[in-house]
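Visitor: Residue numbers (my numbering), protein chains in the order written: chain P, 39 to 259; chain Y, 22 to 216.
Just to be clear, a hint being listed does not mean it is correct.
Cross-link-like lysine-lysine pairs, in silico, DSSO-like; alpha carbons within 27 Å at most [said to hold, decoys possible]:
#, chain 1, residue 1, chain 2, residue 2
1, Y, Lys42, P, Lys82
2, Y, Lys46, Y, Lys57
3, Y, Lys178, P, Lys132
4, Y, Lys191, P, Lys60
5, P, Lys198, P, Lys154
6, P, Lys75, Y, Lys149
Honestly, the hints are just simulated from the structure, not real lab data.
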Amino acid sequence: MRQPQPNLYTLSIVFIGNFNPKIFQPSWFASEGLIGKQEEEGAKVEIIHPDIAIFSLQWVRVQVLRERFSVETKQQPYDEALRDLAFGTFTILKHTPLKKMGINMFMHFRVDSVEKWHGIGDKLAPKNIWEGILQKPGMKSLIMKESIRRDGYRGHIEIKIEPSPKVEPGLFFSINDHVEVKEPDTAMGSDEIITILKEIWPESHRRSEDMIYGLLERLSV
Amino acid sequence: MKLAQAVSFDTTKAMENPLHKQLLKQFTDSHDEVRKRRFLEDLEKMGTFEVEQKEERLPQEEMEILQPILRYDPEEFKERAVSLQKWEGVVTEVEKDIFNARLLDLTDDNPEEEADFSIEEVSEDDRKLLKPGAVFYWSLGYLTTGTGQVIRTSIVKFRRLPAWTETEVKRAQEQAAEIRRTIGWGSDEAASRAG
């Protein structure tokens, strides 16, 4: 069991490619068996339009634009179901060209005190270099990037740390695990990306958690 | 690296986007003031987001992939659940009120376990999927409701993946035949007769 537990959590899977938003309706997902009949009936549809489709179920929010498909959950018990929904959708829509994928994990953690919160900012971005340039400088955002993926795929891993805008005083962590197909400009179908999704998922999920908890430990949160 | 430009948010410009217009009209027509206000707030955030994309070190597409574009949360999406322990299960036997499953710990490296579950733990939707061989995810944790109440939870969610296509079945049969040949396990004909 990981400690501390995040105050807020989001996991999202984003595909970049070419989509027809209008088909992404709860009834389509239900007819393909990707969601249940009762889930379909309880779906909250925000908009279905040729350019955009947004709806949510109790555990997932689906958002589709012409160049982007994303599913996200704020509920950890459904992480694997989120992967299955993304994987299942484009196993069926196998001729949809998918070029890029982001598996993104976001967590917010409360910090015990404002003093400790400032201390973390000082640790991540020491202030002495700013002396004489800024008065009372504060860290607003820090992004670190691993440019060459360890698994050999095209893409990168990016970690962003910011003061949490939702939990005060708190920290916001964002992990963007980004993968691209070998030839993004000529991607013909979904097979390459969803095969990568299936292959890297367990490691990606574990690594993102390890990165966040590793940093928390080093920052003594 | 170019520095991000300080740009103030221009609502008029954002509203030139036909999608934004349509969403705003939808909320106005339905007198949904809460969503309308949130949507306008999110448009403002998007204004800030666009400014951040002007940094050379962060190409536009890399920034864009981080999050969905429209980020206003409806009230009903405020429920949040945390897993303390998670397993992937495979159903081995189904009886009248219970089912038995093999469990693989997804949180820690623990040995495989077996457990009995009450069928009542499974949602009406997922009960149609309950049969030997079905895969499910089991999570123990807690759920925070929209009103802040914290509830201990046990969530069982069955895996939903499309049925295998004929091509996939054929490919799997070819791979199986190749494995049989490699380990010298009888002829293809004998193997296919055996099913």
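Visitor: Please go over all the hints and tell whether each is borne out by the structure.
Guide: Checked hints:
no.: 1; hint: Lys42/Y x Lys82/P; verdict: holds, 20 Å
no.: 2; hint: Lys46/Y x Lys57/Y; verdict: holds, 9 Å
no.: 3; hint: Lys178/Y x Lys132/P; verdict: holds, 25 Å
no.: 4; hint: Lys191/Y x Lys60/P; verdict: violated, 33 Å
no.: 5; hint: Lys198/P x Lys154/P; verdict: holds, 19 Å
no.: 6; hint: Lys75/P x Lys149/Y; verdict: holds, 11 Å
Checked against the numbered hints given earlier, the structure breaks only hint 4 and satisfies all the rest.
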